[in-house]
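Chains as they are written, first to last, in the working numbering: chain R, 1098 to 1365; chain H, 36 to 441.
Incorrect hints may have been included.
Among chain H residues calculated to face chain R with C-beta under 8 angstroms, some are [as the list claims (entries may be wrong)]:
#	residue
1	Leu181
2	Gly185
3	Met307
4	Glu308
5	Ser310
Each computed SDA-like pair below joins lysine to any residue, with the alpha-carbon atoms no more than 20 angstroms apart [as the list claims (entries may be wrong)]:
#	chain 1	residue 1	chain 2	residue 2
6	R	Lys1188	H	Ser310
7	H	Lys71	H	Met102
8	R	Lys1107	R	Leu1292
9	H	Lys313	R	Leu1292
10	R	Lys1161	R	Ser1228
11	R	Lys1161	H	Met315
12	H	Lys313	R	Phe1199
13	H	Lys313	R	Pro1265
14	R	Lys1182	H	Ile207
From the derived model, a few chain H residues whose C-beta atoms are all more than 12 angstroms from chain R [unchecked claim]:
#	residue
15	Arg189
16	Phe191
17	Tyr219
18	Thr240
19	Leu270
20	Gly290
21	Gln299
22	Ala311
23	Leu333
24	Phe357
25	Asn440
Quick caveat, the hints were computed from the structure, so don't treat them as lab data.
None of these values were measured; they are calculated from a predicted model.
Even glycine gets a Cβ: it sits at the ideal position worked out from N, Cα and C.
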Amino acid sequence: MTVTETSPDKGPVIQVDRLTMAYGDHVIQKDLSFTVNRGDIFVVMGGSGCGKSTLLLHMIGLIKPAAGRIYYGDRDLWAADSEEKQALLRKFGVLFQSGALFSSLTLAENVALPLNEFTTLSKREVSSIVSYKLALVGLAGFESYYPSEISGGMQKRAGLARAMAMDPEILYFDEPSAGLDPISARLLDDLIESLRDALGATIVIVTHELASIFAIGTNSIFLDPDSKTVIARGNPNEILRGNADPRVLRFLTRDNSASSRSIGGSPP
Amino acid sequence: MRGFRSGRAKRICIQLVYHGSITTPVANDLNPLIWKLLEEHSDRPRLVLSGDWAVSATGQADSAELMGRLQQIHSPGILLIQDGGIRHWDTLLLSTLLEISQIASRRKLELDVSSMPEGVRSLFALATAVPSSPDAHHDPAPQGYLADLGQAARRFWADALYFNRFLGEAAISMAAFVRGRARYRPVDLWLQIQECGPAAVPIVTMISLLVGLILAFVGAVQLSLFGAELYIADLVALGMTREMGALMTAIIMSGRSGAAFAAQIGTMNVNMEVSALKVMGFSPVDFLVLPRLIALILVMPFLGLYSDLLGIAGGAMVGVAFFDIPLSQFLTRTSEAVDLTDFFIGLVKCSLFGVLIALSGCMRGVQCGRTASAVGDAATSAVVTSIVLIVVADSIVTLICNRLNI
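Next up, chain R with everything else stripped away, as it sits in the complex (with noise of 0.2 angstroms):
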């Protein structure tokens, strides 16, 4: 991607239209329609266990849905021919909940890895451009080192140092605060933060974290299990001062009154 000036453009990115989840037939979410428009951190919330993670697996084409489109600008991601469908993948990285780093490489491989065999770069202009997208994550220096070397939270830093790597248009993340201490996951939300303004990209995170949630979101929806479907959407601010649907309320004030919930969702 190149980074314009001027790209005040705020058209939508991605277009979830009626998608429909399930694992054979059992239904995870029905009905989910949103708009991600260019320059949202989108955020996807929700308790654990409603689907949050699935409706990721669908947006990256990795699970086929059940019924409903996805659409990346006015392509349909699972109407496309497998070139095209290469090219869609080609706009957006995801940095998956583990990093999902590949274990045999080092960080230098694994973030010239994309590089290597979707670019016709020199392997010294690789080399630099890896260089320079471990030290916008904090990990200069760190080249040699194995995913198993390094802690978790610097895991998490790599794999958003090769989710970057080719200047992807939109960025997803899968619970990228689990697991980190608060102020890494603060680090971590400020990153996001000025990946977005500085590149322009379009962010889509999955998340439970409401400090997250709150500081940087600037639209979202909310999945409800019981329902299975969206149940509030919004700038999450605007959602905790508006009236909400009183289950969106509890989850955003961590209200438990009503605690006669089980913890952790519903059984698959």
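We have chain R already, so just place chain H on it with the hints.
Chain H only, in chain R's frame:
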């Protein structure tokens, strides 16, 4: 929940830990747990508990009899559980109460625990706050033998279809490789060749030498009856080149490399690395399966040939050392017995087995679930699958050769 916030509840939790620990110093002073069930035929039965309801006190009495008695209460009513002087209590008391509450709810009895110590009440309230979810019990219902058999057959069929599909994908990927369009890391191919080839030489050496020895001994016992010990050379040479060289190499490689492939790819699956590959636009078949497949196809004939020669050497050792056949005569006999066709058949088999080992190893890895035990299962079933396929394929090739007189 509320109970936990009070200071009292906190103290009780500490007490719980203290009594629950196995090294508790008071273990020897503990009285057995004592219970009395009173007025059990009225609508207000009472259960009086006293003594030490602690884990360390068990073995002196158990609550099975109590449960049996409770089962026999048939009239609905309120079961009052009274504290008749409980000295120490821990998890044991709570688990007993929970068990009683389950029986009581089946018997339409209400439970009144209001006279229990406060800590017991709040922990009991926590444990019963969320009713046991009917959805949560999904113990597979016991099925009949025929149903199990049917399930197994369906699984087998599904596996066969999947293998077929996998074979097709691998073939497409091979075609892309030949045209130079497959996306993989060449260094991975070299690594795999190193890992499957040179690294396997010591074990192949040992096994092949021993198999040659065994063949020679088994044959010699029979052949010496006719004074035809010299034909040991024929037996070993033909046996090794046409069958045993390829078969033993394949079995070694399925245990060494097939299992490793399944475990490597399975672990990548657990760690979402395979998903990451897909999202980055790589085909997992190109990236992961292809280097392993090519490595085995390339390496297996060399290992097979090496195994043939080592086996013949083993046979020669037996012939020379135990049956006084001069080495030169043994070698002449060997070269008369086998021709290049025999070697060729063995080597073709080796490559074929290489394909089967790589495919079944990689397939089980790709199919692997996302738990640690799934990785172990994947490795096991990779070895089983590949050995079954190897033996079946070997029989088919032998049959074809026999029909074609080669």
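Right, here's what the structure says about each hint:
| no. | hint | in the structure |
| --- | --- | --- |
| 1 | Leu181 | 24 angstroms, violated |
| 2 | Gly185 | 19 angstroms, violated |
| 3 | Met307 | 4 angstroms, holds |
| 4 | Glu308 | 5 angstroms, holds |
| 5 | Ser310 | 6 angstroms, holds |
| 6 | R:Lys1188 x H:Ser310 | 16 angstroms, holds |
| 7 | H:Lys71 x H:Met102 | 12 angstroms, holds |
| 8 | R:Lys1107 x R:Leu1292 | 17 angstroms, holds |
| 9 | H:Lys313 x R:Leu1292 | 24 angstroms, violated |
| 10 | R:Lys1161 x R:Ser1228 | 36 angstroms, violated |
| 11 | R:Lys1161 x H:Met315 | 17 angstroms, holds |
| 12 | H:Lys313 x R:Phe1199 | 13 angstroms, holds |
| 13 | H:Lys313 x R:Pro1265 | 16 angstroms, holds |
| 14 | R:Lys1182 x H:Ile207 | 18 angstroms, holds |
| 15 | Arg189 | 15 angstroms, holds |
| 16 | Phe191 | 21 angstroms, holds |
| 17 | Tyr219 | 9 angstroms, violated |
| 18 | Thr240 | 28 angstroms, holds |
| 19 | Leu270 | 45 angstroms, holds |
| 20 | Gly290 | 21 angstroms, holds |
| 21 | Gln299 | 8 angstroms, violated |
| 22 | Ala311 | 4 angstroms, violated |
| 23 | Leu333 | 21 angstroms, holds |
| 24 | Phe357 | 49 angstroms, holds |
| 25 | Asn440 | 47 angstroms, holds |
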